[in-house]
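Protein sequences, first through last, are from chains A and B.
Here the first sequence is numbered in numbering that gives the first Met the number 0, starting from 0 and rising by one per residue.
Here the second sequence is numbered in numbering that gives the first Met the number 0, starting from 0 and rising by one per residue.
Treat the hints loosely; a few may be bogus.
Said to hold, decoys possible - Partial list, computed: chain B residues near chain A (C-beta under 7 Å):
(1) G130
(2) G222
(3) M232
Worth flagging that the hints you see were computed from the coordinates, not collected in a lab.
For every residue, glycine included, the Cβ atom is placed at its ideal position computed from N, Cα and C.
There are 2 protein chains.
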Amino acid sequence: MRIPFEEMKAEFERVFIKYGLSKEKAEICARVHAQTSRDGVYSHGANRIARFISYVKKGWVDVNAEPTKEKEFGAIAVYNGNLGPGITNALFCTDRAIEIAKKYGIGLVGLKNTTHWMRGGTYGLYAAQKGFVSISWTNTESSMPPWGGAEPRLGNNPFVMAAPAEPEPALLDMAMSLYSYGKLQVTRLAGKKLPFPGGFDKNGILTNDPGAIEESMRILPMGYWKGSSFAFMLDILGAILSDGIGAADIDKIGKGSCGGCSQIFIIIDPEKISVKDHINEVIKKAREYIKTSSLAQGDKEIHSPGEGITAARKENDEKGILIDDGVWAEIKAL
Amino acid sequence: MRIPFEEMKAEFERVFIKYGLSKEKAEICARVHAQTSRDGVYSHGANRIARFISYVKKGWVDVNAEPTKEKEFGAIAVYNGNLGPGITNALFCTDRAIEIAKKYGIGLVGLKNTTHWMRGGTYGLYAAQKGFVSISWTNTESSMPPWGGAEPRLGNNPFVMAAPAEPEPALLDMAMSLYSYGKLQVTRLAGKKLPFPGGFDKNGILTNDPGAIEESMRILPMGYWKGSSFAFMLDILGAILSDGIGAADIDKIGKGSCGGCSQIFIIIDPEKISVKDHINEVIKKAREYIKTSSLAQGDKEIHSPGEGITAARKENDEKGILIDDGVWAEIKAL
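Next comes chain A alone, as it looks inside the complex:
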């Protein structure tokens, strides 16, 4: 079914308020979840509301907690998220990093002991729309085997880079596995195979059968050994730069997906070192340049990162935001 943006947002807000979020926090979280679905990232929009509420009920998210400053030195600050809502914690830290970047050109905020930030791209887009370049990531509980191993020991840590551009910011928002577990589930339920092998089955054979990978939990890092190493670095740098913890300890505390994790927000004010015209020109030229390539067989167009959002958003704005009937019913019943 399809639900208009304002109706969807109002419903999310009702639920968040019912479960204890302040009016202000409920509005922010509802807006971000609705925007996420509107951009076509359904997995972290509407589809996460019920799970978020279950975490609140279990005490894994403290709806009243606010981030508190632990350390500050020059252009760096460290906050304790106190297990508050991941979205408001992450937006607060993005704003803090923006303030620092305005003063020093670059700012880094490390946020420890926080909860799931939902769609990582939210914070990149938010900063880019205000004119800032951002590099962000979060560490998470482990869900992916390290290269050479058969059991999950690495987080599927999302890494985000964004830059201001017209008509849409340039945005990279990628997790470390080739496919998410969500994608495996959706593909299996549709009775389909993955476009490329997405993991190993329980016998260690590379496969494009989503069910076999869900069973083995041997999801494939993007680029095999490369994604495995990248996930490792994001884990340790997340913990180091926030004075927080990595996957080994996140797994131990067992507060659900991302409970107690660390997030890093690096914000740069590009106009402190270059003129706006140059920045626009660089991105415009790069976007045009990749499209001068002939198309690969079977491909209809070449996208630059971030451009894919535009079509999904347009369709969802025109027709109402796509949402699974069951997911909507579950939210209405909360």
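With chain A held as given, fit chain B onto it using these hints.
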């Protein structure tokens, strides 16, 4: 054959001095190339000496150029590399970013109009050995098709992350293609196939035949669409944060591999926000944790990023550094 470190370094130094580098620059470049081979990264150690000299002869590298400061704001500085030697330019900017990080906790140096920095990991290891966390990348001429396209329009941009640790720093040094053209060549000459499909043949079929990919130039981005998007972002952010140029223009100026490219050096002083014991503990714990996974079939061990260097370095220190007979003869003849 195998050549002891000091002999190899002295020979590189002789060549660099002969072709006009100052004694100081020649010593630095010789050391970095010899260390690169010693660490087992032969492709960017001894194997690049002859090509570097050919670039000097063509005027693509100005051996006398020094980086000059163009801009500075707070914790950011921008330098023009003036097409000087990539290694000395990049080390200079790493040192500058370290100086800034000591003052502000974090420092960013953008370097435009520089030349090939050889092994990207050099700068990560250098900073980590001094106790700093680093995030660096370079943009390059295009050599990889964008996802959905069939012709090279994206640089195979290396991305580097490093953190101080004992006994070896944690180090990620990865380019955006799954395999390098060097790896394709070596595999083809050995009459072997790639372990995983590494690109498309000229008919657009995914293949593990290295020769077919060299012919089509359709090398595969790591993680397919993910590596393609990541390469795009590194290209534009490299250009934006150094007030420099991206692949579209690097291709146009045609000064060889990386001629005129942009590099970014972000350095963070982790002890400004965390204690050394915590930093060591985070990395030690993560390294141990991934090794608690059972091994995948056919795998003998699980490495954390950076650990692979130790074995290669030990063997090359004990037996002399491995070098191809032809490569050594070519250098001796320079």
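Going down the list of hints, with the structure as the test:
1. Look at G130(B): its Cβ only gets to about 12 Å from chain A, farther than 7 Å, so that hint breaks.
2. Given the 7 Å rule on beta carbons, the hint for G222(B) holds: about 3 Å separates it from the nearest Cβ of chain A.
3. Look at M232(B): its Cβ gets to within about 5 Å of chain A, closer than 7 Å, so that hint holds up.
Hint 1 from the list above is the single one not met by this structure.
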